[in-house]
Amino acid sequence: MADLKIRIWRGDETGGAMADFSVPARENQTILDVVTQIQREQAPDLAYRFACRVGMCGSCAMEVNGRARWTCRTHVKRVAGPGEVVEIRPLANLPVIRDLATDMAPFFDKWAKAQGSFQPKDAPDGSVPAEFSVVPPNSKQRMEADAGIECIGCGVCYASCDIVAWNPDYLGPAAMNRAWTLVNDVRDGANPQRLDAVSGDAGCHSCHSTQSCTERCPKNLDPSSAIAGLKRKLFWDSLLGRR
Amino acid sequence: MNPRGAKLWAIQRITAAFLGLAVMVHLLTIMLAVRGGLSAAEILGRTRGAELWFGFYVLFALCAGLHGAIGLRNIAGEWLGLRGRGLDALWLGIGLVTAGFGMRAAWGLYHG
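So the sequence lines, in the order shown, correspond to chains A and B.
Here this note's numbering is used: the first residue of the first sequence is 1, the next is one more, and so on.
Here this note's numbering is used: the first residue of the second sequence is 244, the next is one more, and so on.
If we strip away everything but chain A, and leave its shape as in the complex, we get:
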């Protein structure tokens, strides 16, 4: 089999350039296999991040031919025809630590800013509530929360979002998807603060609903609809200046 032509962005926060590699092609080969081959056989100092290799952890996301993807779940055949070059870059919209490894801190800081942690209604001191809430699985709110709950925080939506690129303060799809699951969690007691946190120019109101997040989410979640849900929830309060 012919070799694959691979171009990888190499550098750090001060800048960098594309470097060319040639990797033996195999019948079944993911982009992560390719990057690993390069690091083991050709460029031992190549920095990248992965853990599970099977699409569970979300740590191997990179930009492959202009599109953010999980590299472990992306076969080379899916992104490049015979003889075509595969271009691999670090995730967009995040600071680069080195080569293909980005600093995910701003991404997770925004989850905290969007009040993405569960705040039990019954126990502000953190103790176990005396009674458990009954949440019927087919209730509307439970289904809304279920729709977004499987996010594993890989950052693909964040790297695909134009608004994040335009406004560095913008919370991004994943943080607001998380907020929407909590807004629909009847056990949660922090929704007034959470809705404040996700409103305005840095929050849901800046979303253009272009839906790159939904299009590219490897888990097939729909952050765009979650953000639309936040806008609907906030509409009258926003108009009447109640928050």
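Derived from the structure by calculation, the hints contain no laboratory data.
Don't be surprised by glycine CBs; every beta carbon is placed ideally from N, CA and C.
Treat the hints loosely; a few may be bogus.
If you want the footprint, here are the derived chain A segments under chain B, 3+ residues with CB under 8 Å [unchecked claim]:
id, region
1, 14-21
2, 201-207
Computed, partial: chain A to chain B, Cβ under 7 Å [what the hints assert, rightly or not]:
id, residue
3, F118
4, M143
5, S238
6, G241
Following the hints, position chain B against chain A.
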């Protein structure tokens, strides 16, 4: 959090909802009215003293001015990085001045 951004967003949606209908009414009226030709005097003959058309166009001008200015504010913020309280006041001013021109025209048709 930016409550101003949230409020402007809501105002832009409300004005869009009104303009969606109003633009249709506006265009259909023009198309129906000018079939077979229409002079300025004939137009004035129909609009002068017509409270309903005056009210419609005052509201139209207000919505168009605000809607457009909020849109320009967002473009300036996202594409040029021009944001801030002072600029928001400037955009609001531009929106109201634009609306003022439209209202003046509506008054001219009503009163002129």
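Results of checking the hints against the structure:
| no. | hint | in the structure |
| --- | --- | --- |
| 1 | 14-21 | violated (count 0) |
| 2 | 201-207 | holds (count 5) |
| 3 | F118 | violated, 20 Å |
| 4 | M143 | violated, 26 Å |
| 5 | S238 | holds, 4 Å |
| 6 | G241 | holds, 6 Å |
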